[in-house]
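Line by line, the protein sequences are chains A and B. Numbered by the numbering used here, the letters in the first sequence go through residues 7 to 116 in order. Numbered by the numbering used here, the letters in the second sequence go through residues 119 to 345 in order.
In short, the hints are calculated from the structure, not lab data. On a predicted model such as this, the values are computed, not experimentally measured, just so you know. One or more hints might be untrue.
Unchecked claim - Taking lysine to aspartate or glutamate and the EDC-like style, the derived pairs with C-alpha atoms no more than 20 Å apart in a straight line are:
no. : chain 1 : residue 1 : chain 2 : residue 2
1   : B       : K305      : B       : E227
2   : A       : K112      : B       : D165
3   : A       : K114      : B       : D165
4   : A       : K103      : B       : E282
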Amino acid sequence: MEIIQLFLIIFASFAYSSVLLKFKKKEIKKNEFLTWALFWISVITISIFTGPITAAANIAGVTRATDLIVYCSIVILFYLIFQTYVKVEKTNQDITKIVRNIAILKNKEK
Amino acid sequence: MEKNKIFIVIAAYNESKKIKKVISDLQKHNYKNIIVVDDGSSDNTYDLAKKRKVFTLKHIINRGQGAALQTGIKFALKKGADIIVTFDADGQHKASDIKLLVTPIIKKEVEISLGTRFKNKKSNTPLIRKIFLKAGAFLLSKTNKIKLTDSHNGLRAISKYAAEKINIKSDGMEHASEIISEITKHKLKYKEIPVTIEYTKYSKQHGQSTLNAFRILFKMIIRGIIS
Chain A
7 MEIIQLFLII
17 FASFAYSSVL
27 LKFKKKEIKK
37 NEFLTWALFW
47 ISVITISIFT
57 GPITAAANIA
67 GVTRATDLIV
77 YCSIVILFYL
87 IFQTYVKVEK
97 TNQDITKIVR
107 NIAILKNKEK
Chain B
119 MEKNKIFIVI
129 AAYNESKKIK
139 KVISDLQKHN
149 YKNIIVVDDG
159 SSDNTYDLAK
169 KRKVFTLKHI
179 INRGQGAALQ
189 TGIKFALKKG
199 ADIIVTFDAD
209 GQHKASDIKL
219 LVTPIIKKEV
229 EISLGTRFKN
239 KKSNTPLIRK
249 IFLKAGAFLL
259 SKTNKIKLTD
269 SHNGLRAISK
279 YAAEKINIKS
289 DGMEHASEII
299 SEITKHKLKY
309 KEIPVTIEYT
319 KYSKQHGQST
329 LNAFRILFKM
339 IIRGIIS
């Protein structure tokens, strides 16, 4: 086993336990827990059994398995950034609604 | 129509140097229903406005001009407005132009009147801003299938019907583009009316930067995806 595999397994295990802890404390919903749990378990599995990912890399036309993982990670990261941006925008809209209602309500109180 | 049914909405953010004069100019023209929405100013804009005979609303935190205008419009509708005029707080709009904007609405020719600084030659628009605004008007015209000569002109009059249809979701300066999209979306009758924008050193400092246009475009795209 290579050092990078060992590092990934340790890191993913730590991340999984953190997700599990947050779920137990009811800080995240069941759906979120399942998504993240699946993600980190997949990382652990891929890190241990590198065969399938090497085969997938060959099919995708990428020379090394690591390259395939890096490419996929970039795509996933971009998606997550976009999703976060959308959520922040939505939150901003909600904050504005609250600020607006307070402004109008305070005028009524005068 | 009596002026009592016309409501002027002013979104003000740190405008303590100008707000008094802007309000008194409007009052001299006999506009009684003035709504000043203080958008979380850190200066005494709100207190200064409160001393005049106007409606004052305060955003507890700064949310942007679009958010403040929507607050004012919502409040005006609650107060029974028939026509709502959006007016800048930095003194670059002329109270005398309001009559020109509201007349086509009173005559029921249109549902929304948009001010344009490019149909008469009275505005002293700086060249760079002129290029940016013209480019904006071209883009908005193409994307919304609407004919415009000006973009991001804050002086406009909106009928009650149009105000009830238009919902400004953009907090910042991109609300001006959003209003144009709303006109197309709700098939509102509109007209551009020549108005005079008076650029002063003060208003240039307080206005939006040319680079802001890129941010506005990006936000409009994201908003399109969300909705």
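Practice problem: Hints the structure violates: just list their numbers, smallest first. | Solution: Hint check: nothing fails, all pass.
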